[in-house]
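Protein chains: 4
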Amino acid sequence: MLAERAPANLPDGQVPWWPSRYGRDDQLGSLNEITPAHVVAAARLVREGEVFDLGRILDSNVPRFPGRFWQQTLVSNAHLNNQRRPQGTEGGWGKNQVNWLIELATGTFQIGTQLDGLNHLQIGDRFYNGWRTRDIVEDWGTSKLGIETVPPIMTRGVLVDVARARGVARLQAGDVISVEELESILGAQKTPVRPGDAVLFHTGWGSLWEDHEAFGAGEPGIGMAVAQWLVEKRVALTGADTWSYGAVPSEDPERPFLVPQTLNVKHGLFIMENLATEVLANASVYEFLFCLTHHKTRGSTGAVIAPAAVI
Amino acid sequence: MLAERAPANLPDGQVPWWPSRYGRDDQLGSLNEITPAHVVAAARLVREGEVFDLGRILDSNVPRFPGRFWQQTLVSNAHLNNQRRPQGTEGGWGKNQVNWLIELATGTFQIGTQLDGLNHLQIGDRFYNGWRTRDIVEDWGTSKLGIETVPPIMTRGVLVDVARARGVARLQAGDVISVEELESILGAQKTPVRPGDAVLFHTGWGSLWEDHEAFGAGEPGIGMAVAQWLVEKRVALTGADTWSYGAVPSEDPERPFLVPQTLNVKHGLFIMENLATEVLANASVYEFLFCLTHHKTRGSTGAVIAPAAVI
Amino acid sequence: MLAERAPANLPDGQVPWWPSRYGRDDQLGSLNEITPAHVVAAARLVREGEVFDLGRILDSNVPRFPGRFWQQTLVSNAHLNNQRRPQGTEGGWGKNQVNWLIELATGTFQIGTQLDGLNHLQIGDRFYNGWRTRDIVEDWGTSKLGIETVPPIMTRGVLVDVARARGVARLQAGDVISVEELESILGAQKTPVRPGDAVLFHTGWGSLWEDHEAFGAGEPGIGMAVAQWLVEKRVALTGADTWSYGAVPSEDPERPFLVPQTLNVKHGLFIMENLATEVLANASVYEFLFCLTHHKTRGSTGAVIAPAAVI
Amino acid sequence: MLAERAPANLPDGQVPWWPSRYGRDDQLGSLNEITPAHVVAAARLVREGEVFDLGRILDSNVPRFPGRFWQQTLVSNAHLNNQRRPQGTEGGWGKNQVNWLIELATGTFQIGTQLDGLNHLQIGDRFYNGWRTRDIVEDWGTSKLGIETVPPIMTRGVLVDVARARGVARLQAGDVISVEELESILGAQKTPVRPGDAVLFHTGWGSLWEDHEAFGAGEPGIGMAVAQWLVEKRVALTGADTWSYGAVPSEDPERPFLVPQTLNVKHGLFIMENLATEVLANASVYEFLFCLTHHKTRGSTGAVIAPAAVI
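Protein chains in written order, with the working numbering: chain P, 1 to 311; chain D, 1 to 311; chain C, 1 to 311; chain L, 1 to 311.
Wrong hints could be hidden among the right ones.
Remember, identical chains collapse to one label, so a pair may be satisfied in a single copy or spanning two.
[As the list claims (entries may be wrong)] With a cut-off of at most 30 Å between alpha-carbon atoms, the simulated DSSO-like pairs for lysine-lysine come out as follows:
1. 266 - 233
2. 95 - 190
3. 144 - 233
4. 144 - 266
5. 190 - 233
None of these hints come from the bench; they were simulated from the model.
From a predicted model like this one, the values you see are computed outputs, not experimental measurements.
Hey, can you work out the whole structure from these sequences and the hints?
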């Protein structure tokens, strides 16, 4: 297996990035950084009992990447299942007239507020820890790195309010956040970043959510320097109020989506998109207990999420 | 609107159950019981930093109620989107050869480990707080009580290990848990139930998960007496390791699913199904921080979940 | 069973319309009118060997009734199934490098150019031949009258070019075609209608196909008088270049969709919608061999079709 | 464009197979062979007015290739759309109480009785007429060669009853039909093959339809010699009562699906699968009018069909 994952034909001058620092068979990636002690310390941040909701509602009308969609139809048993009921109980099943509704949903989890699995992005045909398409891809999903392998996440969260620091409602598409700027903001906020943290960037871009064309035309975000900084700081996951992660157009126009690709594939660092960071920014909350649990659908490349920030 | 929701033709001798104790326009139901102070107290339960995962993995092969299904297919950009790439970059997009996978999923959220919305069950054609089908049902979902109205949940959790108390691997289908038994177990566990708690029942039924026929043929659970007890104790939500909630066949065979129907519709009390309670039972964990965040898909009747229990 | 279908609570002063003239257990409805002799005679109409296509292309962007949709995604094996191939055959499976594409489609067949099954419309909760919801409705479809019960159709076709007769590009929404007008047109066209025929109406409404708002705002069509005429003439099926069949708004605004409801439910007369009748009108073709074969998906309420007219 | 389709890196010693004999931009392939005169002659075969149905019913339980599925759920307006109706009309919309059912279907058209588009199979990454993936593949389907480009088909049909000729109920998996055998059968049947014909092979394999494992384990069929013969005879389309077309395992085990791949990609010859040929074989019908109309869903790789054979 290791032989099969041997370096060969890596694009763009890449050298093998595997085994990862968490081991050759690791699928947890940066979530390994969340130690029990860090969980306990994060829980200690809860002093007011206020819970913030970082998710946006998903329906057919949200902005979406080409080819992606979400569709839901409601189905009721009340009319359809009459034949399963004794006659005379037209209003529902049993004397208690129980009825139920279900939905049929169809679409992709790579839409709305989402967590990307480490099986979403590739460098060429390789994933995190060097696995190739042929190693893990099946018709129904991936046999490794699927979103069901991601455990519930509870850790310390830090909001980096870049829009406030710049004194703007929102950054511009293509704006790149620098390491110097990041460190300056963290210093001003008195929120040093520690291993195992969830680091969320507020760019203000989410205020364009309703304007699909403007929202999707680009986005501000970090560049490769901050990406490297996050890896060195050993953060557990990161995210922003943008539809991808990292500035678009990217710093190097010939290398689109290089930031999330590098974080996911080379470092196993988890990324969240379309976070409603404004609820924290508006309340000037920069440090919190971050909690995320999600649907464990086998082999999925992402999850539609609504993480909690608790103070 | 209130006039429209006036009592009329209620089945089974029901008297109007609305407005609920949380107000006539309330959609939060029992989650109103989770006070900031209770959140703070719950967070204090985290002393070891260990996180338990209460969700089961969802795929096409899980046990399912008639008419429900889950299906997923993986889609890759690598082959399909070649035409969007400059020639000469066969291995991926850009010099960095970025590729991505997405899934197409289709099915219902009323499957697997799930949280039921207050728009799932009805008495006749009425929901919680007296809303009728005509008041809230749309093609795409419900305009009130949809799963997107449920906020992130963080509260104290209590596991009631009934199987251990009875000295069995699992209870039998139709077995009813009594109030006396419940109170005895809570006393032995030293885990009194408080307003705002999440109360989870471990019956051992989940050990049949792989045997679809046996698993779906019935289930043990609480009866109407414990249901009433939970309402009086003002718990915020409850759940079990069974596919529905409450004994099946039900205490009164002419009133199927009366327990969840009563809790959801009359009291707005939230229910979770197919919880992997054995991970707590095996570790003898009876009190914990309970955390649940989920996909906020508009108008859905439920969410596929994997809640966390943290100690 | 007959007892179960006994008349009771019929709406709007209806008297039982069953058993139909084709028998109490009949599911074929008006298609019974197509005799072998009529098929032979219809085939004799082919003298030039020219085939006209009466279907419109279906994709996500066609006009659609509220709540209905069509969505398709392409899936390739070429990238995904690499793991099933011996190493060294990166370009496809086997030395012949076979690859394949499939689509995932999702939506309803009640969209685009379509044939309605006799299980689509109801009077109250009753279908053709008096079957009720409880008699035939299942989660997955209907156990009777589904579109798979419709055989391949080959018969004589007649186009009624109402737009030409009126000297307009298209009729207006709500315009009702009268019996006198119909008979006048048939006389001028020299195309008498015979039992077993497919009678298609060209109103010109299809020219609004690209303008979803205008197209869906209403439609011209026949009224109840012509509907009765078609029944008396014992035609096998009928259709038009409109999204429903019959004028909208309907003659009696308090009885929406009364024309197709009456034809389908009371008489078992099949209806087609969104036919591209302009291809015949433009070629002045009024009599032809009509041929329709369709997807026999079990229990479906309709079929997406593209019938042929051959001269 | 032609330059872009220039020969390069063709697998397996292939030389460019384009432009096809129908022209470099042709998408009709072998259907070009159906001349008006041939249509007229085919219609003349109708002497009895009997219509045979060559389609199998499609539902969730049919045999299927790995990764393919079909799922349908019925949806009723009767319960859901109450809110759109004036009060007092609980039984349906309007005084006429109209109700309707629709289905939500999801799956692939590469299942059941089907017609393959020329965009289904590839040699490496090339289709018929040399188009490559990058030339025609989009997220939603293919921009050329999609099933909507296939017109209604009316032509002469010939059944080749191989099972009868061999005196068996069905041939064995891997059995190859030879040119000599084919010509012998055609001679005995007095059904010479002419340009533009639809040539259908009855192998008896369809009798295993209910036994998914046996049915899918392999199949009898033609080999490359008969494939070449069909091309030379300029037939318009061909098909069989098997899940693919051509013997499986194939004559050359290192070249799976070489027969349909060659016919589709190199020659643009259309193929149908899972035909219910036994209805013709049982009636000893070997020559007939073949008629096929199908759903014109944009960019699809196939259609679920039920062709008609008329005598």
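Against the structure, the hints:
1. When the C-alpha separation of residue 266 and residue 233 is checked against a cutoff of 30 Å, the pair qualifies only within one copy, where the shortest distance is 15 Å, while the shortest distance between copies is 51 Å.
2. For the homomeric pair residue 95 and residue 190, neither the shortest alpha-carbon distance inside one copy (62 Å) nor that between copies (39 Å) is at most 30 Å.
3. Taking the closest pair of Cα atoms, residue 144 and residue 233 come within 30 Å of each other only inside a single copy of the chain (26 Å); across copies the shortest separation is 43 Å, beyond that limit.
4. For the identical chains of this complex, residue 144 and residue 266 are intra-copy neighbours only, at 16 Å inside a copy versus 38 Å across copies, given an alpha-carbon limit of 30 Å.
5. In this homomeric assembly, residue 190 and residue 233 come within 30 Å of each other (Cα to Cα) only inside a single copy, at 16 Å, whereas the closest approach across copies is 42 Å.
Checked against the numbered hints above, the structure breaks only hint 2 and satisfies the rest.
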